[in-house]
Amino acid sequence: MLEHQEFIASPSFNVGDRVTVKSGHPESHCRTPVYLRGKRGTIVEVVGRYHNPSLLALHKPGLPKLWLYRVRFQQSDVWEDYDGSSRDTVIADIYEHWLSSDEEHLNVSP
Amino acid sequence: MSHPKHHDHDHDHDHDHDHDHKPIESQQEPAGEERFLEQALRELLDEKGVVTAAQIAQQIDIQDSRTPALGAKVVAKAWVNPSFKQDLLAAPLETINKTFGLTINTPLELVVLENTPDVHNMVVCTLCSCYPRMLLGIPPAWYKSTDYRSRVVIEPRAVLKEFGAHISDETEIRVSDSTADVRYLVLPLRPQGTDMFTEAQLEALVTRDTMIGTAVPKLMES
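For the record, the sequence lines run as chains A and B. Numbering-wise, the first sequence is residues 4 to 113 according to our numbering. Numbering-wise, the second sequence is residues 181 to 402 according to our numbering.
Looking at chain B on its own, in the form it has when it is part of the complex (with noise of 0.2 Å):
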């Protein structure tokens, strides 16, 4: 039996324009009016010669590799490691870049809040959508919405019992609002009960939403 699930027939692509698509272009998204005015900008900038299709494509690249997962590695050497963690606190980006053989290079600050037994930290960005996008990539789409960047200053703790996150009244909830130049990373607690964990096996635990705050790392449930 040969492959069901693939078409047997010929596609007629119905395409109104009469160039060819550029690989970075989604055809699986409606055109929408942002979409054209995105396409314009980029054609523009592309022909005035202000940076190439080339240049374009490396950023894109860039952006896509930097997922949660480089934010975990962070993570978990400063939990093993605690002369990295020294260092991460006091040089973040610079102590990033030599450890783990990055070129970050941006204009913005990097602060990690380490989480303690006394301070649990969020992060936010009440005016728009700043994120430590250099370590954690492209922000999930609650984070850009309008109910999270006003609850989380206004009502801190029912965000938290949303996200499932339980923390004791006796900890300070501390909200940081990038407002401007700085951008934030939470270093979360190591749970308990991973003395004999390898750094590998401590990445798997660190998850996007315990470095923005809305979560704290677990265990696996067995």
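Okay, chain A solo, but in the shape it has when bound (with noise of 0.2 Å):
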């Protein structure tokens, strides 16, 4: 069972992958900002095996732990309207399940 394995073996992104942010509204105890959900960015490190935080907010063990990325976005992707230099850039560090290699949009499993 999944649930019970302490980790996902190895990471689905490397360092470079360009990566699309899930969309949706889980009614959990969710890290990744709203204002980044559809956006497409770069992943520029891979953090490390985290345990789940909307399970560990359940008070359950966390399991399995997930791959955290650290995400790059360009922020004139982020903000239509952005006033600042072309070069500004915006990092977040976002758990695997809520990132897709895929252009298109996804919603995020529940």
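What the hints contain is simulated information worked out from the structure, not anything from laboratory work. Incorrect hints may appear among the rest.
[Unchecked claim] Here are a few chain A residues that face chain B, going by a calculated C-beta distance under 10 Å:
id: 1; residue: Lys25
id: 2; residue: Pro36
id: 3; residue: Gly51
id: 4; residue: His54
id: 5; residue: Pro56
id: 6; residue: Leu58
id: 7; residue: Leu71
id: 8; residue: Asp80
id: 9; residue: Val81
id: 10; residue: Trp82
id: 11; residue: Tyr85
id: 12; residue: Gly87
id: 13; residue: Ser88
id: 14; residue: Asp91
id: 15; residue: Ile94
id: 16; residue: Tyr98
[Unchecked claim] Straight-line alpha carbon distances no greater than 30 Å define the calculated BS3-like cross-link-like pairs of lysine-lysine that follow:
id: 17; chain 1: B; residue 1: Lys324; chain 2: A; residue 2: Lys25
id: 18; chain 1: B; residue 1: Lys253; chain 2: B; residue 2: Lys398
id: 19; chain 1: B; residue 1: Lys228; chain 2: B; residue 2: Lys257
id: 20; chain 1: B; residue 1: Lys253; chain 2: B; residue 2: Lys341
id: 21; chain 1: B; residue 1: Lys341; chain 2: A; residue 2: Lys42
id: 22; chain 1: B; residue 1: Lys398; chain 2: B; residue 2: Lys324
id: 23; chain 1: B; residue 1: Lys341; chain 2: A; residue 2: Lys63
id: 24; chain 1: B; residue 1: Lys253; chain 2: A; residue 2: Lys68
id: 25; chain 1: A; residue 1: Lys63; chain 2: B; residue 2: Lys228
id: 26; chain 1: B; residue 1: Lys398; chain 2: B; residue 2: Lys228
id: 27; chain 1: B; residue 1: Lys265; chain 2: B; residue 2: Lys278
id: 28; chain 1: B; residue 1: Lys265; chain 2: B; residue 2: Lys228
id: 29; chain 1: B; residue 1: Lys265; chain 2: B; residue 2: Lys341
id: 30; chain 1: B; residue 1: Lys228; chain 2: B; residue 2: Lys341
id: 31; chain 1: B; residue 1: Lys341; chain 2: B; residue 2: Lys278
id: 32; chain 1: B; residue 1: Lys341; chain 2: B; residue 2: Lys324
id: 33; chain 1: B; residue 1: Lys265; chain 2: B; residue 2: Lys253
id: 34; chain 1: A; residue 1: Lys42; chain 2: A; residue 2: Lys68
id: 35; chain 1: B; residue 1: Lys324; chain 2: A; residue 2: Lys68
id: 36; chain 1: B; residue 1: Lys253; chain 2: B; residue 2: Lys228
id: 37; chain 1: A; residue 1: Lys42; chain 2: B; residue 2: Lys324
[Stated by the list, open to error] Footprint (simulated), chain A over chain B, 3 or more residues, beta carbon under 8 Å:
id: 38; region: 244–257
id: 39; region: 358–368
For glycine and all other residues, C-beta sits at the position ideal for the given N, C-alpha and C.
From these two lone chains plus the hints, build me the complex, please.
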């Protein structure tokens, strides 16, 4: 059973991969900021494996652990009317189940 | 003359409960709902044997010992010692613990963001108030405000301007949003004209805000 595994063995994404943040509004202790949902960015670091915060918030063990990535977005891709340099970026820490390599917008699994 | 500022009368403290205050309870603050909740929870944890009052006091003591002065020591050493800087960027907490004789122990990941002439880093937590407490202590009130948390990702340059920091348009502003298990410390650029400064003199230039990225270190005006 996946729930009892400590973690998923290997990360699905590597540094440099282009990813899209999934959309959706799950009712959970979710750590994916709304302003980045549906936005496209680039993996800049595979941070490691961490307990699932949505499960921890329900006093569950938070397993399987999730791969966590630092994902960089161009500000001009995040905000249509971004008023600043085209070089400006924002980086957020996003768990793997929120990311897709697809360019299409997908909803996060509940 | 005796001490004119001292009260010469006995205070008649008006207490509406019959147990002694524990030393960690401030008697200055008004008792809001959250305070009663905090006290009830803390006393329950103690009574049920989950954590002792001594353990709570010890954690408060550790938290109080973490101030921006600790972060400033880390930054100044990175400025003067290239091999320390290399280790710091590669393995931040391990290097800090080893170098400064500390035992910072946390499941969180610390990432040091190095500013360069091409990149200026800023840190925020848009979801709540995640902050590198293990190094800088308690975050300032503005860091937790909705204003800062929302605006710094939408218009970082306007926020920087309001903080009085001037960053060239040629420089990338890179905002790191601490949304999960990573905490960020900005390693600011060493100011020009500090070649002759000692490590201790450099420490004095490293303020809390320079390690959040809302300010850049400056030479004191003479």
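**Message:** Are any of the numbered hints broken by this structure? If so, which, sorted upward?
**Reply:** Failing hints, ascending: 1, 6, 8, 19, 23, 24, 26, 28, 30, 31, 36, 38.
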